[in-house]
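Order-wise, the sequence lines are chains B and F. Numbering follows full-length UniProt numbering, in which position 35 of the first sequence is assigned residue number 35; successive positions increment by one, without gaps. Numbering follows full-length UniProt numbering, in which position 1 of the second sequence is assigned residue number 1; successive positions increment by one, without gaps.
Treat the hints as calculated values from the structure; they're not laboratory data. Among these hints, one or two may not hold up.
With a cut-off of at most 25 Å between alpha-carbon atoms, the simulated DSS-like pairs for lysine-lysine come out as follows [to be verified]:
id, chain 1, residue 1, chain 2, residue 2
1, F, LYS215, B, LYS51
2, F, LYS215, F, LYS114
3, F, LYS215, F, LYS156
4, B, LYS53, F, LYS156
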Amino acid sequence: MSGIFTLLYVALLMLNAVAILNEERFLARSKFSLPAAQGHADVYGDTESVKSKLINLISAVRTLMRIPLIAINVLVIVYELTIG
Amino acid sequence: MAQYQGQNPPMRGAFSPVGEQQFAGYNDYNQQQPHSSRNSQQQHQQQHQQFQTASPPNANQQPGFDNPYGFFPPGFQNNQAAQLGMQFAGTAMNAMQENVQQNVGRYVSLAQMKHYFDVTNIYVLAKLRLLAFPWLHKNWHRAAERDATGQVVGFKSPRDDTNSPDLYIPVMSLVTYVITIGLIIGRTADFNPEVLGYTASSALGIIVFEVLLVKMFCYLLNVGSELQLLDILAFSGYKFVTTIPDTSSATGINVHRKRRIHFLFIIAMMQFLYIWILMLYKSPRTK
């Protein structure tokens, strides 16, 4: 397996890692969930900070990528079991 | 008749394939009427000489050429079929080009790509000098492209501006890098063609990784859209020419300036890491 496929695997695993973060147990507790961030932004009026951007990115990945990730994971697992 | 056939080969050579078919039809005509008079043969010769000096034949000339004999040579229908085929091929080519433009244009616009490949010899030499000796270069600003009314419509293409990023040098240097690694391995150990694919893949992987990283931090730090994807690609590709990072146009002045400059510094430092990895890749296959 050569360089660019390693990179694709890394990207896939990172996306998986973001997607399985638990909303109540982890994100809300560390103030990284979207509702907490919106309250934070209302208080401080700071929507352009790095943290709010990160929160937006995480929530976007979690909502948008959940179902495609299942399909991609199944594909990769089948590939690795049969050929790889 | 013999004189006429003696002239045959050079004339065939002078015609395009369409003309040859027509000519073959004309020969059939001569064989069908072998007892024609000497006079009419001379007419034929004259016709052919005129024909030879004239521009290559097309559809409109054919009836005028054949009508004096009141006869359609068999080649004529072939010509029509050939022209129909040519028209069909032309339409298919156009459709294919449109298709390519639509599909490729969805991700990157071809006009933009042309801008990045609009280079001259002088530009390439100046850019290579700049990459090798960046401290000799004083003015790093990119020249603005203005329209007739003096409005700024973008940046000038590499043809007019040495500071403009291009994609020609990165592409060429990437290819050169891959071939050089192949050469080095070929000199030191036994070479197999897989090395080339492996090197190219890892080099592309590093470029993709860097572009993704820069894009993500641009999003996080609100660097904005003045830094385009192809610009990042170009600047990230220059590392194949030399070890010196060239991300100078990525600076933005704003509230988060300090943090952005740190980010820029990290990107610049990571060039050394990338270059080290790129140099490293010649060893794993040799052992």
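Against the structure, the hints:
1. Straight-line distance between C-alpha atoms of LYS215 of chain F and LYS51 of chain B comes to about 16 Å, which keeps the hinted pair within the 25 Å bound.
2. Distance restraint check for LYS215 of chain F and LYS114 of chain F: the Cα-Cα separation of roughly 23 Å lies within the 25 Å cut-off, and the hinted pair is therefore satisfied.
3. Taking the CA atoms of LYS215 of chain F and LYS156 of chain F, the gap is near 23 Å; set against the 25 Å cutoff, the hint holds.
4. Restraint check for LYS53 of chain B and LYS156 of chain F: not satisfied, since their Cα atoms lie roughly 33 Å apart, outside the 25 Å limit.
Comparing the model with each numbered hint stated earlier shows that hint 4 is the single one that does not hold.
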